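Asks: Residue-level listing of the chains:
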Amino acid sequence: MKPLKKLSNFLRKSKSISRRKLSGDSAFKLTITLIACSIFVILGIMIYKIIQNSWLSIETYGIGFLWGTTWQPFPPNPSTPPSFGALPLIWGTLVTSAIALLLGVPISLGISLALSEFMPKSFNYVISFFVELLAAIPSVIYGLWGIFILIPFLQTNVYPYLQDVFGFLPLFEGTIRGPSILTGGIVLAIMIIPTVSAISRDVFAAVPDSQREAIVALGATRWEKARIVMSYGRSGVIGAIMLGLGRAVGETMAITMVIGNSFNMFTSFLQPGSTLASIIANEFTEASSPPVYISALMEVGLILFGLAIVVNALARLIIWRSTRRIKEGGIF
Amino acid sequence: MTFSIVENKHKRRCEKLNYKIIAYIEAVVLIAAIVGFVVYGSYFTNQPIILSGAGATFPAPLIQKWSAEFKDMTRAQINYEGIGSGGGVKQFTDKTVDFGASDPPMQDSEFSTASGTLHIPITIGGVVPIYNIQGISSGLNFSGQVLADIFSLNITRWNDARLSSYNPDTTLPDAEIVVCHRSDSSGTTKVFTSFLSDESETWSSAYGASNVINWPSQTIGGKGNPGVAAAVQQNQNSIGYVELSYALQSDIPYGNVQNAAGKFVEPSLETLGAAASAVSLILPPGNASWASVGSYFNLHEVQEPDNGYPITSFSYVLIYQELNVRAGMTLDKAKALTWFLWWAIHDGQHFSSGLSYVPLPQSVVTHDEATLRMIIFDGQQVNNWT
Numbered sequence: 001m002k003p004l005k006k007l008s009n010f011l012r013k014s015k016s017i018s019r020r021k022l023s024g025d026s027a028f029k030l031t032i033t034l035i036a037c038s039i040f041v042i043l044g045i046m047i048y049k050i051i052q053n054s055w056l057s058i059e060t061y062g063i064g065f066l067w068g069t070t071w072q073p074f075p076p077n078p079s080t081p082p083s084f085g086a087l088p089l090i091w092g093t094l095v096t097s098a099i100a101l102l103l104g105v106p107i108s109l110g111i112s113l114a115l116s117e118f119m120p121k122s123f124n125y126v127i128s129f130f131v132e133l134l135a136a137i138p139s140v141i142y143g144l145w146g147i148f149i150l151i152p153f154l155q156t157n158v159y160p161y162l163q164d165v166f167g168f169l170p171l172f173e174g175t176i177r178g179p180s181i182l183t184g185g186i187v188l189a190i191m192i193i194p195t196v197s198a199i200s201r202d203v204f205a206a207v208p209d210s211q212r213e214a215i216v217a218l219g220a221t222r223w224e225k226a227r228i229v230m231s232y233g234r235s236g237v238i239g240a241i242m243l244g245l246g247r248a249v250g251e252t253m254a255i256t257m258v259i260g261n262s263f264n265m266f267t268s269f270l271q272p273g274s275t276l277a278s279i280i281a282n283e284f285t286e287a288s289s290p291p292v293y294i295s296a297l298m299e300v301g302l303i304l305f306g307l308a309i310v311v312n313a314l315a316r317l318i319i320w321r322s323t324r325r326i327k328e329g330g331i332f
Numbered sequence: 001m002t003f004s005i006v007e008n009k010h011k012r013r014c015e016k017l018n019y020k021i022i023a024y025i026e027a028v029v030l031i032a033a034i035v036g037f038v039v040y041g042s043y044f045t046n047q048p049i050i051l052s053g054a055g056a057t058f059p060a061p062l063i064q065k066w067s068a069e070f071k072d073m074t075r076a077q078i079n080y081e082g083i084g085s086g087g088g089v090k091q092f093t094d095k096t097v098d099f100g101a102s103d104p105p106m107q108d109s110e111f112s113t114a115s116g117t118l119h120i121p122i123t124i125g126g127v128v129p130i131y132n133i134q135g136i137s138s139g140l141n142f143s144g145q146v147l148a149d150i151f152s153l154n155i156t157r158w159n160d161a162r163l164s165s166y167n168p169d170t171t172l173p174d175a176e177i178v179v180c181h182r183s184d185s186s187g188t189t190k191v192f193t194s195f196l197s198d199e200s201e202t203w204s205s206a207y208g209a210s211n212v213i214n215w216p217s218q219t220i221g222g223k224g225n226p227g228v229a230a231a232v233q234q235n236q237n238s239i240g241y242v243e244l245s246y247a248l249q250s251d252i253p254y255g256n257v258q259n260a261a262g263k264f265v266e267p268s269l270e271t272l273g274a275a276a277s278a279v280s281l282i283l284p285p286g287n288a289s290w291a292s293v294g295s296y297f298n299l300h301e302v303q304e305p306d307n308g309y310p311i312t313s314f315s316y317v318l319i320y321q322e323l324n325v326r327a328g329m330t331l332d333k334a335k336a337l338t339w340f341l342w343w344a345i346h347d348g349q350h351f352s353s354g355l356s357y358v359p360l361p362q363s364v365v366t367h368d369e370a371t372l373r374m375i376i377f378d379g380q381q382v383n384n385w386t
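Heads up: the sequence lines are chains B and R, in that order.
For the first sequence, the numbering used here assigns the number 1 to the initial residue and increments by one for each residue that follows.
For the second sequence, the numbering used here assigns the number 1 to the initial residue and increments by one for each residue that follows.
If you are wondering where the hints come from, they were derived from the structure by calculation, not from laboratory data.
In this text the structure is predicted, and so the values were computed from the model without any measurement.
Glycine is no exception: its CB is placed at the ideal position from the N, C-alpha and C atoms.
It cannot be assumed that every hint is accurate.
Where chain R lies over chain B, by a calculated footprint (3+ residues, C-beta under 8 Å) [stated by the list, open to error]:
#1 150-158
#2 254-260
Just a sample of chain R residues kept apart from chain B, beta carbon distances all over 12 Å, derived [claimed, not checked]:
#3 Ile49
#4 Thr193
#5 Lys263
Stretch-level coverage of chain R by chain B, calculated; a stretch enters the list once three of its residues show a Cβ under 8 Å from a Cβ in chain B [what the hints assert, rightly or not]:
#6 161-169
#7 173-185
#8 348-361
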């Protein structure tokens, strides 16, 4: 008890809570608040360290780093300085994430609509269980599954037909390679399904029953009811999609294993490429010299960090707006 | 009524007391048990000797096998972490480990910062071209020049005239070559591209030799040996490169490479050993810089490398000649470490072929023996192994 008393005496002296009667509760509250605030410290240290470590690269290559297209840590002629540029990586990240959303979002919305509007409760549990199981699988397992099962399957059963039908488009030209941008996008699509479907299910569940009852009373079909539910939760669903996008952008292990790791400005989805995260996973472990090499990899991390923050902030903003509207009782 | 409350209170106090006593007894027993174990441990077993090493991933399975066997015999424990050659050299230079390990020898700049380093070759590695062409098994012939042209996409089809001239008995398909390579920073890439750089002027000026290469686009990168092997197996008409032990253990076809004597040599434990034997005549003394040995053995510089496989290299253990520079080193530890290395280059080599590593040829073992005799602790020779 003694140390606690000392602590409370000390706290009583401090100004902020001097007027309140000090009990165990307020000491607890203060501790918890401090713990919660530590997140700012952690995040601050991370951002500071990443910027500090990538400073050399930022100084050397400037803003041109963002649209440079060569990545040569060890030039063949030792007297030329190494050169780095991240555009193919940014391009790869954006394209794979876009494919992931294109393929993953319709499936996720289908799942969550079915769960909230069409299925009986008992079935609901089973499906949610499996969807959540999908979220619990480590990403390296997705990668292994991608290499050994998905790639051989796509290569023999899907890509040749895709090329037969859409081969006239530049997006599907060239020799078919198993590990490619499209394969990466497909694996990412599967990985974002749990995130997007779980959140949008909750969004749909938050739609007041009065809305459903009202539209049914007007003689709507189930499909029309589902449409009302979807439009009511529209901004919430967009938030869910943004969170899925955040996962796709930052995914590392699985994408490294299936994307083909080629540093180029690809134009065809059937070509190999690389992403911001995959190049860090590939090269960071043994990058020791020259110092600007590590720094350039750090700067790639900084870009990734920035991208993740933007995506997450957008998602939060949209979700926040949607919940506020629902609370206020307005529809759109 | 009041009476029963008082009685209950009394009862509760008694129970509390009981719990207290039980808790005390438990604590005493627990402490006694811990103290007993500690006393037992220090009384019946000698202070165990624990040594640590870090470095190249390639020899890690072999070193870990050695340390398990060595522990059974001597109780000395050798912990080895396969963190990569670059990390190994760094930790060794920072003196945070008792020994380092590296696939390439230290460069001159690294050697000058870590003065008194001994290079001890402990095993031999090689890089092998692997391929996947329907109906064609192991044994395609490649020259260094042709490999360089394939990997830089100057030769793009399998039925290229130069490839066919090396392989007159095989009908190669008229198909585009899919090139696969390591995507992660790797010593295997360094060894392979060093060979290509020496063999081909165009390769050396366009790509050079390093752990990470700016590969031409359209090539597939796989993470680690398994990643490259998977990429080759899944793409028809592909070619890649992996460590010999990996090629031997998987069932992917691999090719022969032309050596300095003009012969096409099949990679195997024997031909890699032959290359090491050939090069052992020109090895520098253990305490000198080994940078001249290079990332792989340049067989152009030695006599009669007849059946030596051309893309072969040592894997080294790095150790300080004066062991007391490492904090916490004692004479006992120094003895254990030198005994371990002595045992590894002699009896330890018997474990090599089982794990698909190349045993050191006798001439290299003799060279290593001389190096190990140089090791001192506080100015005194640690072991002279008469």
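Asks: Could you run down the list of hints and mark each one as holding or not?
Replies: Status of each hint after checking the structure:
Coverage of the stretch 150-158 of chain B by chain R holds. Counting CB-CB distances below 8 Å, 3 residues qualify, and the rule asks for three or more. For the stretch 254-260 of chain B, the stated coverage by chain R is satisfied: 3 residues place a CB nearer than 8 Å to a CB of that chain, which reaches the threshold of 3. Non-interface call for Ile49 (chain R) relative to chain B: holds, since the shortest CB-CB distance, roughly 30 Å, exceeds 12 Å. With a least beta-carbon separation of about 9 Å from chain B, Thr193 (chain R) fails to lie farther than 12 Å from that chain, contradicting its non-interface assignment.
No Cβ of chain B comes within 12 Å of the Cβ of Lys263 (chain R); the nearest lies about 29 Å off, and the non-interface call holds. Three residues within the 8 Å Cβ limit are the bar, and the stretch 161-169 of chain R against chain B gives 0, so the coverage statement is violated. Interface restraint, the stretch 173-185 of chain R with chain B: holds (5 residues with C-beta to C-beta distance below 8 Å; minimum three). Taking a C-beta to C-beta cut-off of 8 Å, the stretch 348-361 of chain R contributes 0 residues in contact with chain B, too few for the three needed, and the coverage statement is violated.
Hints 4, 6 and 8 from the earlier list are contradicted by this structure; the remaining hints agree with it.
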